[in-house]
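Participant: Now for the letters of each chain:
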Amino acid sequence: MNNFYIKATADSPEVNFDFDNHILHIAGEAYPENAVKFFYPIITNLNNYLQATSEREIAVNFHLIYFNSASTKMLHSIFGLLNKNAQSNMNHIVVNWHHDEEDDTVLEFCMELKEDFHWLEFITIGTISAH
Amino acid sequence: MLEPLLMNQSRAGISEIEAQYITGSLLKHVPFVTPKHTNEDVLTVFDEGPDLISLAVTEQGKPVGLINRNIFLGGMTKPYRRELYARKSCVAFMDKEPLIIEQGVSIQTLSLQAAETSGKILNDGFIITDDTGNYLGLGTGQDLVKVISYLQAEKNRLVMESIHYASIIQKSFLRASKEDMDSVLKDYFMHWEPRDKVGGDYYFCRKFEDGFFFALIDCTGHGVPGAFMTLIMASFLDHILTADNRKNPALALSMMNRKVKSALGQTGQCDGDFHQAKTIESPGEEHSDDGMDTAFCWFSTQNNQLVYAGAKTSLFYIIPGSHEANVLEPDRKGVGYVDTAIDYTWTNKELALSPGMCIYLTTDGVIDQIGGPKHIAFGKKRFIDTLLESHGKPMAEQKTLLLQGFYDYQGKQKRRDDVTLAGFRL
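So the sequence lines, in the order shown, correspond to chains A and B. With our numbering applied, the first sequence has no gaps in its numbers, which climb one by one up to 131 at the end. With our numbering applied, the second sequence has no gaps in its numbers, which climb one by one up to 426 at the end.
Honestly, the hints are just simulated from the structure, not real lab data. This structure is a prediction, so every number in the text was calculated from the model and none was measured. Hints may contain errors.
[As the list claims (entries may be wrong)] Here are the simulated SDA-like cross-link-like pairs (lysine to any residue), alpha carbons at most 20 Å apart as the crow flies:
hint, chain 1, residue 1, chain 2, residue 2
1, B, K374, A, E101
2, B, K381, B, F316
3, B, K412, A, T9
4, B, K312, A, A10
5, B, K374, A, L107
6, B, K414, A, A10
7, B, K197, A, P32
8, A, K114, B, K333
9, B, K374, A, A27
10, B, K333, A, E115
11, B, K412, A, A10
12, B, K380, A, L64
13, B, K312, A, E108
14, B, K333, A, G80
15, B, K414, A, G28
16, B, K312, A, G126
17, B, K312, A, C110
18, B, K312, A, D104
19, A, K114, B, R332
20, B, K380, A, L107
21, A, K37, B, P225
22, B, K197, A, E33
23, B, K380, A, D104
24, B, K414, A, A27
25, B, K414, A, I65
[As the list claims (entries may be wrong)] Now the in silico label distances, taken between C-beta atoms and shown as ranges:
hint, chain 1, residue 1, chain 2, residue 2, range
26, A, K37, B, M160, 22 to 32 Å
27, B, K186, A, I23, 56 to 66 Å
28, B, L122, A, T53, 46 to 56 Å
29, B, S183, A, Y5, 55 to 65 Å
30, B, N134, A, T9, 44 to 54 Å
[Claimed, not checked] Stretch-level coverage of chain B by chain A, calculated; a stretch enters the list once three of its residues show a Cβ under 8 Å from a Cβ in chain A:
hint, segment
31, 217-228
32, 370-376
33, 411-422
Note that the Cβ used here is the ideal one computed from N, Cα and C, for glycine as well.
With the hints as extra help, turn the sequences into a complete structure.
Facilitator: Dropping the structure here:
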């Protein structure tokens, strides 16, 4: 399967889906002018991968520090897709939720997802930044 | 939908400015030579026309090449070159693949083609022909750059003027709310700061004989599309509040939800998958998934009571003399969005109002703004801490302190979203 990579820009995140090794990484910020358009190829590729994958350990490494409301909706869709797949294809999906120790905003979204998606395992990793 | 052909002919506003400028508007009638001319002849032409940057070579009226002055003179002044080449045909020093453009071609197409020639045309210029390919004259790179900059500036000016006027309209829609706030609140501040002159944040206040209704609204998006949404919401809200439901904000939210969903055609089924399926299947089509996050509040002056219903928007309050801030937590669904069911119900929360109590509302623009030494969101905790530090002061002063803290935190970071902040003392 082809891996999927998008370079980060000022208003969109770096996306690195290493499908061969079942590691899905997203980092940076998400407030593109058109969130649906930006996330469309990401969701399509992810969907293709998930449909072809079963009984695997999949790691999602989440490193976003900012996402606007439109992107939040798209992220919610992505986790919904993962959740459904964890159930239907018996994949064990672990979401490593990286956030700054003091960043309650990013953490709060993780708590919401936890509430909504029971088939995913969320691990919050608070980092103390060097600044 | 417009046919592409028709679209090209449509000359409205911005496209009109572009249409006025075609390649032909850069045309300079300058001398040309034919392959029968010698390099000696070319030398004479360049001598006679010191401003001539290039010289076209044509054969039976059609351009076949372009001689650049500097390359030509550089070549000819080398030892023995003059003796060798002076009597030979001028094609020896010409560029056989110059950029040749018909006069009717748009400046935009011209500049795209020019960009592909790796900057050659900035020095050499380009040949302009009539629509049968016959030589007319030359255009210079300098003129092209000039006209592109002018068009860009002109388009920017039009867009900026139009946004500026849009902001006047949006502000005038807020005026009635501002007047009602002035008459029902003695000590308050209302800070509305769209990121791009106009925006998706909005506030609404309506005075009644037994109290007032207040809403802080954050519509999808920012800028012009955000502003469109606020006007839609404002007109719906105006209609809804004529009924008795002002005392029941949760019901008002449900009514808004129905109205927005049916007006924008966002009434499809809405289990979580729908949104994905829709996006995956038809990205090309322009589906809308718009709505608002908001807090609806009914302040009953009769009963000294607040009824609040929140769609992803918290309400903060501080009781005088207290050292902590309290939060009324919102329901987690926004209003009108595809993934909010048409019969979704929000919940009312009641709060007894006491004199001197401070109430604050904000959109996510403040709390989510990135800044500080760690480049992380401002956050709820920092927001509450700032409120606690200043809540004893008059609201106008609190506003200054809050904003100062916020701006300092943002520092050199870009503003991410529209920012709206309200504070009332009862």
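Participant: CA of B/K312 to CA of A/C110, is that 20 Å or under?
Facilitator: holds (15 Å)
Participant: Between B/K333 and A/E115, is the straight-line Cα distance small enough, at 20 Å or below?
Facilitator: Since the Cα atoms of B/K333 and A/E115 sit roughly 14 Å apart, the hinted pair holds (cutoff 20 Å).
Participant: Please work out if A/K114 and B/R332 have their alpha carbons no farther apart than 20 Å.
Facilitator: holds (14 Å)
Participant: When you check the alpha-carbon spacing of A/K37 and B/P225, does it fall within 20 Å?
Facilitator: holds (16 Å)
Participant: Taking only the CA atoms, is the gap from B/K412 to A/T9 under or equal to 20 Å?
Facilitator: holds (17 Å)
Participant: Decide if the proposed pair is consistent with the structure: A/K114 and B/K333, CA atoms, cutoff 20 Å inclusive.
Facilitator: Roughly 16 Å between the alpha carbons, so the hint for A/K114 and B/K333 holds.
Participant: Tell me if the straight-line CA distance from B/K197 to A/P32 falls inside 20 Å.
Facilitator: holds (18 Å)
Participant: Holds or violated: are the alpha carbons of B/K414 and A/A27 at most 20 Å from each other?
Facilitator: Roughly 18 Å between the alpha carbons, so the hint for B/K414 and A/A27 holds.
Participant: Would you mind confirming whether the straight-line C-alpha gap from B/K312 to A/A10 stays at or under 20 Å?
Facilitator: violated (26 Å)
Participant: With a Cβ-Cβ cutoff of 8 Å, does the segment 217-228 of chain B contain at least three residues near chain A?
Facilitator: holds (count 3)
Participant: Taking 8 Å as the C-beta cutoff, is the stated coverage of the segment 411-422 of chain B by chain A satisfied by three or more residues?
Facilitator: holds (count 3)
Participant: Quickly compare the C-alpha distance for B/K380 and A/L107 to 20 Å and report which way the hint goes.
Facilitator: holds (11 Å)
Comparing the model with each earlier hint shows violations of hints 4, 16; every other hint is respected.
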